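These protein sequence lines are chains D and A, in that order. As numbered in my numbering, residues 1 to 344 make up the first sequence, in order. As numbered in my numbering, residues 1 to 362 make up the second sequence, in order.
Because the hints were derived from the structure by calculation, they are not lab data. Just so it is clear, the structure is predicted and the values come from calculations on it, not from any experiment. Here a beta-carbon is modelled for each residue, glycine too, at the ideal position from N, C-alpha and C. Be careful, since some hints might not be right.
Below, computed lysine-lysine pairings styled on DSSO-like, alpha-carbon distance capped at 30 Å [as the list claims (entries may be wrong)]:
hint, chain 1, residue 1, chain 2, residue 2
1, D, Lys119, A, Lys352
2, D, Lys287, A, Lys352
3, A, Lys8, D, Lys119
4, D, Lys119, A, Lys121
5, A, Lys121, D, Lys287
6, D, Lys176, D, Lys119
7, D, Lys287, D, Lys3
8, D, Lys3, A, Lys121
9, A, Lys8, A, Lys316
10, D, Lys210, D, Lys287
11, D, Lys3, D, Lys119
12, A, Lys121, A, Lys352
13, A, Lys214, A, Lys121
Covered by chain A, according to a simulated footprint, are these stretches of chain D (three or more residues, beta-carbon under 8 Å) [to be verified]:
hint, stretch
14, 108–120
15, 125–131
16, 138–151
17, 328–337
What follows is a list of derived Cβ distance ranges for each label pair [as the list claims (entries may be wrong)]:
hint, chain 1, residue 1, chain 2, residue 2, range
18, A, Val26, D, Ile13, 49 to 59 Å
19, D, Leu144, A, Tyr14, 33 to 43 Å
20, A, Ile150, D, Thr150, 41 to 51 Å
21, A, Ser34, D, Lys287, 52 to 62 Å
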Amino acid sequence: MQKFIEDAGWPRIIIGLFLCALFIAAPFVGVRIDASLSDTLVRVGMNGILVLAMVPMIQSGCGLNFGLPLGIISGLLGAVTSIQIGIRGGVGFLIAATIAIPIAVVLGWLYGQLLNRVKGDEMMIATYVGFSSVAVMCIAWLLLPYTSPTMIWGYGGSGLRTTISVEGFWLNALSKYVKIQIGEFFYVPVGMFVFFATIAFLVWAFFRTKVGTAMTAVGSNPEFARASGINVDRMRTLSVILSTVLGAIGILVYEQSFGFIQLYMGPFYMAFPAVAAILLGGASVNKASIINVVVGTFLFQGILTMTPSVINSVMQTDMSEVIRIIVSNGMILYALTRKVVVKR
Amino acid sequence: MAKKRELKSLLADYAVPIVFIGLSAVAIPLSGFSATYLIQEMLTRLARNSFLVLSLLIPILAGMGLNFGMVLGAMAGQIGLIFVTDWAVAGWQGMLLAAIVGMPIAILLGYICGAVLNRAKGREMVTSYILGFFINGVYQLIVLYCMGNIIPISNPQLVLSRGYGIRNAINLTGLRHTLDNLIPLQIGTISVPVATYILIGAFCLFIIWFRRTKLGQDMRALGQDMAVADAAGIPVERTRIIAIVISTVLACFGQIIFLQNIGTMNTYNSHDQAGMFAIAAILIGGASVSRATITNVFVGVVLFHLMFVVSPMAGKELIGQAQLGEYFRVFVSYGIIALALVLHAWRRMRDKIEARRSLRGE
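Throw the hints in and build the complete structure from the sequences for me.
Right, dumping it as structure tokens:
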């Protein structure tokens, strides 16, 4: 018992118990458990890959990937371009991914080069690189010569809208496959989960290959890794590229389920929930696994789904936003202040 | 060779202000603003923002980097202002009272911030940044849900129509410009807020004096090398907490001065921007994460706000869309922070290489 508490850490246990309490309380205040469980699962599928994007960089010692917006931007570019081309259904989604991935590789490479030059300060710089890239893209969204009438502002005739619907293009491109429907309210988008599981498996398998092991070694002890002949900078760059690509795929999966592409300031704060989720799942600033991703995403999204409905019915107010801010940032804070050896 | 290296390092040291002066030189003529207008704007904005920016100096002295946790102080100041508005105390007495109410909250928050940062040595900046978000959540919890029922608020104009929680925007009619107009001075068409400048000047003197005290010297030693300072018998953790507490309290006063000039308070947003703008300003002034002077503050505030005023107009003239200039400004504020952080990290690595080179006797 003692060991379990130590392993899991107090914040995680408190939040886990809080979530259990919410699920138990739900039926008494008139919230359907099956509907909320289904909502939670859908959100896990939506956000899973974005959280997974944290893993490579944490493992290679680059810290928490606050620069996730960079990957998201690549995904968004892929998404709007595929809508511009106008191909519908699963193929459209695939095209979006095919366009997004090379962009993510290039951006990730540049980003990796930058992070290699600022070892020790990655997180703060990543945050601001993310922010400024979002701001640059705000300008780009206004100026890029997209012409599809579903995407540009009705008046003026140029500049992309702030939210673009993917309905009629690739809404539910993954979610619609093998949809399990139990009763009226409970459904599981198996297609999306299979996709998530595949990507997660690939990442898991990657970390078992030679390159993956080398990457973990770089994260655990860069001096040792260098001594054993691993090119530290190359491994770090590779991990950043991998994270950025996963971010790009992640946002596409998110959008096909959510139904909208959010441009402009939309990606601004998207890194924070993902960071909070993986930390909630038990990752630390320099160690993360797939289990952390799955557990963390479930806990975090569970709280996001359950607090509005349950707390609202109990207290007649919407406190979900405040709870979200406190839980997610509290979790990041906890991880940052844990007594680990800080390398400089 | 050595000379070339020196020039290069000088350029790297002042890269940010140089880029900025260049940008302004292009943008000012494009915007088409008159000189008097710009001077008036700069004088007002200098008075409005300097105090907030100055509050960043002491943690930098203590080697704790940019105190992103200054938003904590700003929140404390805002809570003070909410109460003063509720009690309807106007004039400079109101400002003083707001400062008195805000100060204990700022001290408490500063203490918390310092204690948290002591647990995260080596990554103070990112931790204080996240702490700002976290306390922002707590602030919202208190202001949005506790004020008006648990904490009594008598003025119904402050409270949301549902019966509790503070409104999104608060009109600080009683306090508006009270400090700025305390000692009025008019030069031509330009009005100068003398009292605010006196306060800022006094504060600069305080910082100069503070650096010479025992505590100030201790902090400087900490900033140089924490381990050596510890070995020399300086109470490291305590000194760091004091540095953050001072910074937080000053940020609290700074936010009160800032808001009395603006005249309306954006209950849930004002403090967010305070932190970002102050940090961007000090960096633009040529400060780095480890070294900042009072000159950096004033140069930075002027340059940053020049950009602030000019860029939407310049964007409009250049491309025909004011929105574009606005986004450009957002990009500049974030980009400059990113650039400054990168340059700092870069310089640290360069210094390491220099040190190694000198060891080899080159």
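Against the structure, the hints come out as follows:
| no. | hint | in the structure |
| --- | --- | --- |
| 1 | D:Lys119 with A:Lys352 | holds, 13 Å |
| 2 | D:Lys287 with A:Lys352 | holds, 28 Å |
| 3 | A:Lys8 with D:Lys119 | holds, 22 Å |
| 4 | D:Lys119 with A:Lys121 | holds, 16 Å |
| 5 | A:Lys121 with D:Lys287 | holds, 19 Å |
| 6 | D:Lys176 with D:Lys119 | violated, 43 Å |
| 7 | D:Lys287 with D:Lys3 | holds, 19 Å |
| 8 | D:Lys3 with A:Lys121 | holds, 27 Å |
| 9 | A:Lys8 with A:Lys316 | violated, 36 Å |
| 10 | D:Lys210 with D:Lys287 | holds, 18 Å |
| 11 | D:Lys3 with D:Lys119 | violated, 34 Å |
| 12 | A:Lys121 with A:Lys352 | holds, 20 Å |
| 13 | A:Lys214 with A:Lys121 | holds, 23 Å |
| 14 | 108–120 | holds (count 5) |
| 15 | 125–131 | holds (count 5) |
| 16 | 138–151 | holds (count 4) |
| 17 | 328–337 | holds (count 6) |
| 18 | A:Val26 with D:Ile13: 49 to 59 Å | holds, 57 Å |
| 19 | D:Leu144 with A:Tyr14: 33 to 43 Å | holds, 35 Å |
| 20 | A:Ile150 with D:Thr150: 41 to 51 Å | holds, 49 Å |
| 21 | A:Ser34 with D:Lys287: 52 to 62 Å | holds, 59 Å |
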